[in-house]
Structures are given as structure tokens and as C-alpha cells.
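J.: These protein sequences, in sequence, are chains A and B. Numbering follows numbering that gives the first Met the number 0, with no gaps: position 79 of the first sequence is 78. Numbering follows numbering that gives the first Met the number 0, with no gaps: position 53 of the second sequence is 52.
It is worth saying that the hints were derived from the structure and are not from the lab. Mixed in with the good hints, there may be bad ones.
[Claimed, not checked] Covered stretches of chain B, as calculated for chain A (at least 3 residues, CB under 8 Å):
{"#": "1", "stretch": "115–125"}
{"#": "2", "stretch": "128–134"}
{"#": "3", "stretch": "188–198"}
{"#": "4", "stretch": "266–278"}
{"#": "5", "stretch": "292–304"}
Using N, Cα and C, we set each Cβ at its ideal position, and we do this for glycine too.
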Amino acid sequence: MDVSNTHLLDEAVVTTTIDAVVDWGREASLWPFVFGTACCAIEFMSTAASRYDISRFGAEVLRFSPRHADLLIVAGTVSYKQAPILKQIYDQMPEPKWVIAVGACASTGGFYDNYTTLQGIDEIIPVDIYVAGCPPRPEAILDSVMDIQKQLKHEEKFAVRNTDFKGKLDDI
Amino acid sequence: MISNIITLQASQLFETIKHDKEELGFTFLLDITATDNLAKTHPSSNRFELIYILRHREFLETHIYKVFLEEEEIQSISSLYESADWAEREVYDQYGINFLGHSMLKRLLNHNEFDGHPLRKDYEITQGQLCTTSQDLMDEMRPLLKEKKLDMNKDDLMVINLGPSHPASHGTIRTLAALDGEKIVAAACEIGYLHRGFEKSCENHNYNQIIPYTDRLNYCSALMNNIAFAKTVEDMLDITLPDRGIFIRVMLSELSRIIDHLVCLSAGLLDMGAQTNYWYLFNPRNDAYDFLSKLTGARLTNSFMRIGGMTHDLYDGWQSDLEDVLTKIDFGVTESLKMIQTNRIYNDRLTDISPVSAESAMSYGFTGPNLRASGVPYDLRFTEPHYFYDTFDFNMVVGSVGDTYDRMMVRFDEINESMKIIKQAISRLPGGDVNVSDKSIIMPSKSCVYGGIEGMMNQFKLVVDGVKVPKGEHYGAFEAANGELGFYIVSDGSGTPYKVKVRAPSFYHIAAYPQLIENYQVADAILTLGSLNIIAGEMDR
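Same shape as in the complex, but just chain A (with noise of 0.2 Å):
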């Protein structure tokens, strides 16, 4: 290497921290796993969709694999039949992962206070970002996925998250 040169390297590297270079992979490539169940999912299908787009932010890489992903967004009513389902889909993601509870449903039961509805998927797995409507518009969704994008910058980067949440399922 012809030393005299070095000086043209000023304009091709970039010094920073390895955390920042970290951040700025994971809030632009965001793979999200669906978790869909009902009305919430149908109001996901027009996000995704070309008018709202939620591939301007960068998490348009839907996976349907767990093992692809790391933000989970639960769009839908969860029954206790379907919980078992989520929260083997929840361990099998790697670590890290975040979730968004997407509408009344997943955040709380919604108007489904019965015998059949869990109330609320954080009796079962963590949740970061709760997303409030009945569906919640396509906008709101877009807005929790920034809200994870702003969220994962205040974390440590390779720390294992949540260790110590315990949902009904994990004691069985």
C-alpha cells in the first residue's frame, strides 16, 4: 500500500462506536413475525399494503418463521387455546426481540372479557409496545414500529432481554 495515499481514506471511513453501528442495523431492518388472528391481521394486510407501506420503515421483510425475526406483533384476539401456540412461537425467535401487542385484544382482552379470551398476551410473554383501537388504523401500527426503532437505542445491545418476566405458562 502506497502510503502517500492514506489521506484519501478520510473520505471513505467513518469512526464510531460498535453500539451505534449496531442500532443502526436493527431500527432499518426490523423482520417482523405476524402473529394474526383476527380483525387486527386484516388491518395489518392494508399496512403492508402500497399505500401505507410499512416498508418505508424498514420492516417490510415479513418472516413466517420464528427463528427470522425479531419483532413479534401479535395482531389479534388470543384465546387460551391459542396461547400455548404464542408463547412457542415467542421462545423459538432469538434473542434480541421485541413485541407490539396490536389492539384491544392482544393488549388487554379488548370487550372480550369471557371464559374463551386471554386477557391481555402480557399474562403469557412480555410486551414492549401496546397499540390502542378496535382495529387500531394502519397509521398507529406504523407508529409502534417506530416506537421500537426509538425503544431499542436506549437498550444494552447484546444483553438478553426480559429474563426475569414469568407468564402463567412458564411455571407449567
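With chain A's structure known, arrange chain B on it following the hints.
T.: Just chain B now, with coordinates in the frame of chain A:
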């Protein structure tokens, strides 16, 4: 108007229904349900009664039979109708009635660790039960393989799960398929993952409070469910809307039908890789939702209808908005059709896949576009004309062999027919009120509520007690986007229904699905599911 119900002895039931089917031509079993009389003010000596709803093959006559049960068991009719299989399983699951002679009487909607029967009146509504593991479904698969003289090891079969969490399982359907190479040789379906307790919730809310729950039955055409429920209750009250209200309902239900078909077709085409069609069909749907949110305040779950009318009249400038939406839908459908009509991939992948003959479609309990695709000309808008449907100029779209191709193309054509109806309704829309004027049914205006004691009392009574529906039982059916959406309502005279049973078209479509996909490949099964348009909300309720 109360339905005409014939009471039978439990011992007569099987023979009567057999006679109806074989001699009188009632080849169509619409629904089976039960009522728990425990909470009635004057309970009869029999706690449970069963209700069977049959329809004639010419679709002009309906028989409703009621059986008072001495004991909690009765002979199964699953040998007569394919559709009785799952209908009886649901009654067993929800009410704990045993059907003697049923080949696979196990839970359908509730999970396998569930204890008790939730629709019994002594089951507390909020008493949830945690489920720790899913069942493996092999108890259903083994008899199927035995019946076909197949062996897992000798025939080198592989058993795979399709769903419940899979993009092509349209929500929450689980199919266990035994594969010989790529070919499905046997399949079993499990539903209930989206069972949300609609019917139990209805027993705990008054009639107008149920409207938002009906939105979430078939959430792709929420308004239509509103209308179907409101119409059934209005029939029980024996009231008719003013003409303007009816025309608005016709326009909105046809627009919902279009939206429902657009979702079905775009998702079905996306499943086979035709992503461009997804954009073309989904974008006009968004335009339709813009119109609906302007009108009702919500995109998807509108809750616009009320018993006796709707929340308010159309807004200023609705006509140009709606016409604009129709133009865009027409454009999307035309462009999409251009891409697939003569497309060899599309035609080869859909033609002759999972055909359903007219006879078996009826035995399965198919209705709506899926039944018409099989060549059966049955549409409640024609056979039981209501809401001036007989005065509109439109055609019934009928297929020929009932394969996946027919099921999809019938929907494409129905979009065009629905647009015709909307255009005629726009030009014929009369003036006047949209709601009935009866103060015991319709909420007073806000100015009356805040401006006078009478209005305030009316509002208070309607909110607290609900609309009082005369005592009786009624089955009301409506041609929804997916087929015959029926509500069987039992009223005890109060503002809260004693029982509501939904006859959901998707429930019967999915019951047939495992048999339809046999001998076809996995990739075909995905398209068949898409073309049946299973909506989990109404299937599982």
C-alpha cells in the same frame, strides 16, 4: 314475526328428519343448536331443548324442529347430513349434549383441557381456563388412515401441521395432513383458536350492545353482519325501516360484499404468488374504507347499524365519494382480470382443483359464492326477496363444476353485480327518515336528551334496559358475502336476548375442507382454503 317451530319427541326426531330428507327433499341442514332452559322464569321440566333447521332443496321452504330432551342425549343425524358432524360436535362442546352414534364426538371450539360446557346457564361467563398444551390430533388422523387402509410406516407417510400460525392458514385454522410425497392422502382440521365467546357475550348484553360484537364475526364485511343481526331483531319486533333506511342498507351491504370479495381474491392471489393483483385489488378497498370512515368513523368495524335503523343519515357529498370508489374498484378489478384471465399459471393451478359437486355442496351445508360455484342457483336475495332486492336489475352468478377456479371467478363477477346494485340504489335513493319513529326502539336525538325530561327518560330506559323484544324464537337469514348468515334468537321479552346462535357460513365451509383437499397437493390445498374464504371470526365466533 316469529318462526314456525314444530315440536317433536326425541324418539321421533331421526325418523322425521330422515323422512324430510329422503321423501320431501329437505337435503339441506342449516344448523343444529340447543337452548338451556335453566334461567327461564318459567322453566319447562326439560332443561335442554335442541333446534334443527332444515331447508328444502328448492330453497323455498324451511323446517325448524324443536326437541325437548328428557336426558342429555339424543340419536345423531350425522349419517344423514355431512354438515351435522361438526354441528353436533359444537352442541356437545358448548352444551354437553351427547349424540349417540356420532363417530368423533369431541370438543370443537374449546380447548382439550377445558372442563364444563360454557353455554350452560350455570357456567360463569368470566370463568376462563388456561390451556397448557395443544392436542396432537392423531386421534382423528388414525381412524382416517385406517379407513383408507393406509399405514404410516409401510406407506411411508409424513404427517405435517399446516397452521394454526401460518400465513396461508388465514388466521387460525389448523390442518393436520398426512402426505404421500406432495400429495395429501388424509387430513383433519382443528378450529376454535379464535373462539371468542360471541354467543355467551350476547346473553350478557342488550340488543344494541351486541352490534359491535357482530362487527367482529366476519370482519371483512362488518357492516353486513350489523345489518343481518339488526334485520333479524327487527323482524321479531315486526317493524320495517323507512325506504331510505333500507336503500342505505342495501348500498352498504353490497359495498361490504365487494370489500369482502376483494380481500378474499387479493389474499388468494397473493398465496399463489400474484402479488401485483394484491396491490390492484387492495388499493380500491382502501378507498372504500376511506368512504366508510367518513360515513361511520371507523374503517373496519363500523358498528353503524342500530335496531330500527342506523346512527345517522349519509353525509353531504357522499354520492360523489361513493361513485369515485366504484370507479376505482372497477379499475382494480378490470386490471386484475386482465392479468389472470388468460394467464396460463392461474388457469392451470386452479382448474379442476378440489371440485365440489352440487349434491355434496348441499350436504356439506355450503352457501353463498361457494355453493353457487358448484352450480346451485341459490341466493337469498332471489329466493327470499327482502329490502327491494327483487326490484333491482342484477344477475345471480353461478359456476359449473365448483372447483377453485369457479369459486374465485364467481367472486369476481359478483363484485360487478354488486356494483350494478349500488349504482341503481344511488339513483333511486328516496328521501325521508332513515330510522323507525318508535321511541321505544330508537334513541332520541341529543337535543331531546339534554332539552327535556321525556327524551332523557327515553334515553335512560333504552341504555339501561335495551330494546324490549317480544317473547319468542326466530331464525332470520341474510345473504352475506360468504353465504347464509343466520341468527337464531330466543327472546324472553326483556332487552337482553336469552340466546343467540349464529349460523356462520364459514363454519360449514371449513368442516368440508379436509375432505376437499384429499388427493391434491399441499400447494393446491392452500389455494382451496383461499378460495373458500374462511373468516376465522365467524367460523369460531
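J.: All the hints need checking, so say for each whether the structure fits it.
T.: Hint check results:
no. : hint    : in the structure
1   : 115–125 : holds (count 5)
2   : 128–134 : holds (count 6)
3   : 188–198 : holds (count 6)
4   : 266–278 : holds (count 3)
5   : 292–304 : holds (count 3)
Checked against the numbered hints given earlier, the structure satisfies every one of them.
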